[in-house]
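Got chain A sorted already, so can you dock chains B and C onto it with the hints?
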Amino acid sequence: MPILETRKLNKTFGGVQAIQSVDFGIDEGEIVSIIGPNGAGKTSFFNVVSGMFPPDGGQVIFDGLNIGGHTPSQITAAGIARTFQNVRLFPNLTVLENVMVGQHCRTESGVFSSIIRTPKQKREEVMIEEKAKDILGFFGTRLVGYRFDQPAFALSYANRRRLEIARAMATEPRVLLLDEPTAGMNPKETVELTELIGRLRSERGFTIVMIEHDMKVVQGVSDRVVVLDHGTQIAAGTYDEVSTNEDVIEAYLGRPAESRAQSE
Amino acid sequence: MTATIAPAPTSDQSVESRVQWRRMLRVGAVVGLVMMFVSANGMAATFNGRLIIYPILSLGYLVLYAIPFVGGTQFTKREELEGVETAPPSVTDAVNAALAGLLGGLILGLFAWFVDAVPGVRTIFPSMSPEMVDVLTFGLGVGPALVLLPLISAAMGALAGGLSLLSKTTNKALRAGALTVVSFALFQVVVDDFFDFLPAVPDFLYTRSALTIVAAIILFALGAAGSIYLPGRMPSIGDRLGSSDAEVRRRTSLWMAAIIAVAIIILPQFLGGILNELLINVGFFALMALGLNVVIGYAGLLDLGYVAFFAVGAYTTGVLTSPISPTINPMLTWWQAFPIVLVLAALAGLLVGTPVLRMRGDYLAIVTLGFGEIVRILLLSDWLAPYFGGAQGVRNIPGIPVFGTEINVTTPHLMIYAVVFFVALAAFISWRLEHSRIGRSWAAMREDEDVAEAVGVDTVKAKLTAFITGAVIASFAGALFAAKVGSVFTNSFKILVSIVILVIVIVGGMGNIVGVLVGALVLIGILGGPNQPGLLQEFGQYKLLIYGALLVYMMLQRPEGLVPSKRRQQELHQEEFLQDAWLDKHGRFVEDHDHSPQRPGPSAAEPGRGRES
Amino acid sequence: MTTTENKPAEGETVVRERRALRLSWVDGFLWAIRIGAIIIIAVGLIGSISKFAAGEGLTAEGWRDLIVSSLAQGAMYGLLALGYSMVYGVLGFINFTHGEVFMSGTMVGFIAANWLFENGIWDANPFLSMILVLIVAMVTSTVVAVLIERIAYRPLRGAPRLIPLITSIGMSFFMQYTFAGLFGINFNTYPPPPDVIAGTVNILGLEIRTTQLTVIVIAILSMIGLWYFVTRTKTGRAMRAVAEDKEIAGLMGINVDRTIVTVFAVGGAMAGVAALMWSLLFRSVNYIVGFIPGVKAFTAAVLGGIGNIGGAMGGGVLLGLFEGVGPILILGGLGIPGVTQLKDAVAFTALVLVLVFRPSGLFGERLGSEDRV
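Chains as they are written, first to last, in the numbering used here: chain A, 22 to 285; chain B, 520 to 1132; chain C, 136 to 508.
This is chain A alone, in the form it adopts within the complex (with noise of 0.2 Å):
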């Protein structure tokens, strides 16, 4: 059984059917890539699924729960994280500060137990920094040591997308949403994040679902690919099967002229 499935998923917004019937699946483990051209619904696909929007018709379906609807938070603790397009990080808190607050939804101490500081939420706190340290510490050197304490917005663009990843880990999610993790960064970044996505599978075993439009990313870390176009799927297989499918070059480079001079 997939872990995350979702089937004849809808979404309009606003007069624009972003989704159209949608059916989507993944196995535990997996690393599957969406592509498309801009305006696919890739996003759109994303916040539905990360119940920023709730669907208008179809499930979505989490280890055989239907949680369309449900609101994000419900959906993180779930066990389903997300990053954004546009890195969205808590500029004014510390790096450290960042990754703990993704352990909010692990953990339980509430405002009598923080107020007078009961032994378990002593402990709670102890273990929720180890975690967000050794979160940390999965990127390297990077995030360490003395950029514990700096605020996040004077991290360079590199390490904040890696800072966003780290905080979506912190929420121990079984399935990990990428939304474009390499946008912008430079060829050496690119490389070392592709490495790094695979490694969140294999030392961490998230199953994870990445939208990009990087090509050597994804040839080079998807088991799968699912191209999206004008909010429907049209095509899904390994790369290779995807990359030469002509609906999916029509998609993105359009019909050569001549075809389509005989086909009117």
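Treat the hints with care, since some could be wrong.
What the hints assert, rightly or not - Calculated lysine-lysine pairs in the DSS-like style (CA-CA distance at most 27 Å, straight line):
#1 A:154 / B:1085
#2 B:1085 / B:1013
#3 A:152 / B:1085
Simulated from the structure, these hints should not be mistaken for laboratory data.
Using the frame of chain A, we list chains B and C on its own:
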């Protein structure tokens, strides 16, 4: 470093050796208008009644002629950019400043002439009276004033310009001296009270509530000397608290806490009635400000109807404890009523918070304002008078029974302990919550609500928790207030109170417990609350005007407040922060913004060091 | 937590449903308020109707007078609401000081009216006098509005949203107490309306107070003038463009700063007209007359749809009716004593209800691209 939200004042960086006519005209006009304003609304005349130095200097003249002085400083200000040489101060600045002052004084003189010539003005503007003209013209009449006023103003402007030509230390010393003199003069009541055991001191210093000339000179000298010698001898507390050594920080904080605790315990025994009352008022506002700080400072929810929770606490206590409260009359003791107060306050927080969960910031502000007013109107109404007393309010509220005595309006020295206790409690609660899982979730929500939700923070619960916590803290104040005054009327729960508390939180430092406490002390202590006099009674009529102006000024110049939370300071001065990080050649983030460029040597050239690439 | 199981189709997995229960209590709470409000209104209405049928409470003439005076007041709120609506549409924050802009028009207008009265012109040339007072009020309000924008808002153009709001709160108080200091705290009373508009007028068989009729007529004329300005002139087009998207408007060659000043100026001018209306309807002014009407006018602006100019006037009229007629009609019908005291509470309740249940307003909001969700 002046990269604040407001763009830097249009300072001509190139200090040409000529008169900057346009700028001079502009500043002069503003100076003149402000001086006119201060006179026209009666400040000059009213403040004239309060002498600073007997018999030569009154507060009125001090305030009035401080204006051309401040105007003059416009010409001497320089924007300091790291690594860029600032232009040196020059005599032309003083000339420009003097000319601006001249213009300002001339405008004021003409104004005095106008008021004198058109007596009918007084029927519409009551303060433009012959007394005002007298004050402005030094009693000499309009003619001489037209010459005198511009000259004095020009002199003040020139003074401002001239001061900049002196060394920095001299400037600092002169400023400290002046500040000492003015402080001792204005806070004469405090000094009097403080030296109760040694009356010779205040007797020497003061005549008719103002400083004697001799005393003024001595204090000036002491202040100036102190500013030169003291900083060298003792590392300041601020430095200690900001030090990167955690052990030093901890020890300093403990010492500070101990000193303050001791002061709080002994002080009330020494204070006279007026000061005691003042501190109690400060305490009440501090308590409420702490509560509002949770809602605004931590969770970022702009609640303008906060006074409603205060009212809930006060009226609940009143109705439940007063023997003559109408209809509902269980006549409980304060302690018995207290848990009920807390529960009702929490419920109120829930009721206010739930409808506003999905509102954007502005709308939330005005809806809460509406709630506050609805509560007040209902409590005041004839319809609910059978329960709440309507315009009569609830009276005969007993005090807090403690160890045989009762803390109420007749025992202010005990009341202050109660207030301090609850302030400490509120501060403690705020502090613990700030540095906890909940505090983090509030901070995340304040930064970006949608993302916080996406990262697993239940924003519904977080917002409601904030409202409820704020409401409960306000209800502490309400319950105490009912016991202290012995009666509750809706007059104490106007919108004005919510706004004043807002000003305290913002001016003091939003999100910072110490800042809020300092804000309450400074604002309520000196200016006073809406219904409560502060130390400077002369300001009484004008305090709300000052509150408004202060709020505007702080938002334009220093939105993070006087004692900002580190996070807020970073947030509002991001460019400066990044600049500092870039300029730090060590490649290491130095916590306490040490500007002195300690060039390290060859290692600075390593790639990947310094500002993130 | 309710779970239902779908009958699995051929090869499909069983899907457990879990309704998002977490928010349902919030929604339930809101529904309870809705239902409560409807019940209160319904019972109140029935009570009032039965009272009327029994000959108690207001007579038919009484109701008619009430409705007309409420309309007049609503017209005033509508003009005032324009300022809030336009500023929110362009800059995205509530300009708390607009109430004081209005107040300044009333106070300085008083100076003019008083002077005219004392020199006999008020009674000799009533129309000229009123036009003079109108001009004075409009100029004052416009100047004050523009000054405030320049001093307090322009420096904060890029700041996080709550900062201009807080600044405007501070500015509002500063202005209030400035005027209190300058004019004193006592009420100043406008001279009595000249005879020509002092009485009543008979329209369609109804006796209407001339002052109220004048107010309504002025409102209509102002709206027509404003509509013309906004839709037919180049400046008006620029205003609409800047309200839509400041950045793009700037790229198209529109002087954004100057246009924003125009927005404030127009709002101020309308507030000046509203000031004249206040003087006709209420006659007494002092430093505090701006605050509560300001909040109510903002309610009207949201009620009509923030950023929507026609909506602002519509909202104003509706609010005037609700506030004027509502307490007596509904609360009086419920048998609550002393309903006129509760007038402001009714207006504030309208504010809360609108913002909670229909923040986009009745006629649709028009926000800039930066503020649209």
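Going back to the hint list, which numbers does this structure go against? Failing hint: just 2.
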